[in-house]
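*Asks:* Chain residues, written in single-letter form:
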Amino acid sequence: MSAVPGRSNGRPEATPGNGRPGRAPRLLVPLDAPEPEASTDPGSSTDPGAVNGHRPASAPADPPPDIWDRRVATGLAFLRRRLSGEYEVDEFGFDQELTDQVLHPVLRLLYRDWFRTEVFGLEHVPDDGPGLVVGNHSGTVALDALILSAALHDRHPARRYLRLLGADLVFRMPFVSELARKSGGTVACNPDAERLLRGGELVGVFPEGFKGIGKLYSERYKLQRFGRGGFVSAALRTGTPIVPVAIVGGEEIYPMLADIKPLARLLKLPYFPVTPTFPWLGPLGMVPLPSKWLIQFCAPIPTAHLVDSADDPIVVFNLADQVRETIQQTLHQLLERRPDPFGP
Amino acid sequence: MTPGGTSGAPGVVVVTGVSRYLGAHVAARLAADPRIGRVIGLDPADPAPEFAILLDRVERVRVDMASVGPLIDDLGADAVVHLALVTAPDQQHGGRMAMKDQNVIGTMQLLAAAQRATRLRKLVVRSSTAAYGVSFRDPAVFTEETEPREVPRGGFGRDILDIEGYVRGFRRRRPDVTATVLRFAPFIGSTADTTLTRYFSQPVVPTVLGRDPRLQFVHFDDALEVLHRSVVEEHPGTYNVAGPGVLNLSQAIRRAGRIGVPVLEPGLSGAAGIARTLGFGRYGLDQVDLFVHGRVVDTTRLIEEYGYTPRTTAAAFDDFIRAHRGGIVVTRDQLAAAEQAVLDGIRQVRASVRERS
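As you go down the protein sequences, you meet chains A and B in turn.
So that you can map any letter, position 222 of the first sequence is 221 in numbering that gives the first Met the number 0, and since no number is skipped, the others follow by simple counting.
So that you can map any letter, position 58 of the second sequence is 57 in numbering that gives the first Met the number 0, and since no number is skipped, the others follow by simple counting.
Hint data in this document are derived by calculation from the structure and do not stem from the laboratory.
Keep in mind that a hint or two might mislead.
As the list claims (entries may be wrong) - Derived coverage of chain B by chain A (criterion: at least 3 residues anywhere in the stretch with Cβ under 8 angstroms from a Cβ of chain A; other residues may be distant):
1) 106-112
2) 209-216
3) 247-253
Idealized CB from N, CA, C, for every residue including glycine.
Okay, chain A solo, but in the shape it has when bound (with noise of 0.2 angstroms):
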């Protein structure tokens, strides 16, 4: 066991102005690397730390697995390559390190501790190739489908990203359009969503729009119309399956009690929510309340057949139809297994 020789070595006498001389030649070394421990680890005899004779009293003494050193280690290794530019965005924009290191824990925190949120019907998802996910929009701020694509990444046994499509208004808007592009959404629009179909991606689409996330709480869990079936086109054309999702908790994040249009359109935004804190609480109301979250994937809809009538407007449309039904359906499923909104 090399914890041994590394306690005796890490000897407290060694003085801690020994450390600099010693390490210097590993300024370098790429801290990012899954090694570090076994470096840093004193047993080693090909450790350059070592080559003076005495270990530093710098270097950690625990025992090997300092699971504080290595996070502070990557942590420090991941805000380099961040301030040097060293990582990959792709022509949409998806940024994966920057998803997986920050985006995806926080919204981590929100799907499983504040909503406790349960996921079924992953095995619809596929493991590769291309899919798109059709779900329900709801929420006053469209919430849902950032809970949806964490969860979906973490829960999925290959780990898939979903690409969000969003309305023009979310890339309007400074700061809000970067982080929908960095977490690897893009403008809801036929070629986007066909590149990112043919190039094997998981796509994801709320075919309710604002009128899915802006309606009254009183409407709360009925689907609203689905526009004009562009969705189904796009998977027409490709031969891209179908795969219906229905997202219960949502609407109770923030029940959204009236609208004023007058406000609204004065700030240019599709409607103006009061809600039972917001805006009476300023800020405060902009916290979620924590409802209980049912994520339900079903059985996905094939398209392959169909390629050719991507054009033809009564296939689409009944193509759509049988999408929302599905999704309607399963909306009332989950919402007998919750009677309670905010329950366990």
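Following the hints, put chain B in place on chain A, whose structure we already have.
*Replies:* This is chain B only, laid out in the frame that chain A set:
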């Protein structure tokens, strides 16, 4: 008969804009190709001394586009390569008015002259990815078929739309001529000197607050290669020419070791306007719009048709960084050293805390 006149490569090539960086290099490369008989450079101005050396095998005609008239036909041109575009107004040379004169009126007159040239078989026109305009509803990646959703605010973008309009008219009237339109992403490279390379050479770089556009560049040498192949081979149509891949503006600034300073967008637009009226600075609304929206194009058609893949945007940008080490504020080594120092400090503090407890 001039050599090469009957095979695939044209015998007589007319190149416009040879007094400038791109035109001089393209003309020199064409002149060095043994398949091509004569290369004639048209330009109202004399080339700068550093380009004059390049042009020793190029016949030069000092002519204004307004008086180009029957010249193209008289020269017996087989191919015309139109590169004389101004991307940003230059106050020393007449500002925006002169820019529009050269870009729009110049192209119109050149194409009118080319239309009357009986021997002409090939036309290559330099365009720009600015042809796609900017809009918040734009798709993330432009293919050659994408129509601009909004007319650009910037002068250069509007000029490009006009120029491509003239080429469309030319194609209708001379269907026997192979017309190639190349939509270039911004040029970058170790030696290229453009508005964008000057922008990235400053130590402190202004950006738009809350926006981190996706950018693409094309390496200057790749642009030369594509232009050369367009002349000696047959590639009718419109092509995006850009390095595959994407860099965010913030990422590019960090890779270059510069410091980005976010500025409110109306402020930047206003500053660009004021700078223009006061007569300094070459940043126009074209640049501001690019830094809000970004611009990424699909290069599949180019790669398939030309059988040539330009180096990636990241590689082209790396080449630029290597040549512009001067203004670097933060180097990667400094960052790595700082990282190590902080890590060592934390380890020391933790070790001493552990000793005490």
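*Asks:* Return the numbers of the hints above that this structure violates; sort them in rising order.
*Replies:* The structure breaks only hint 1.
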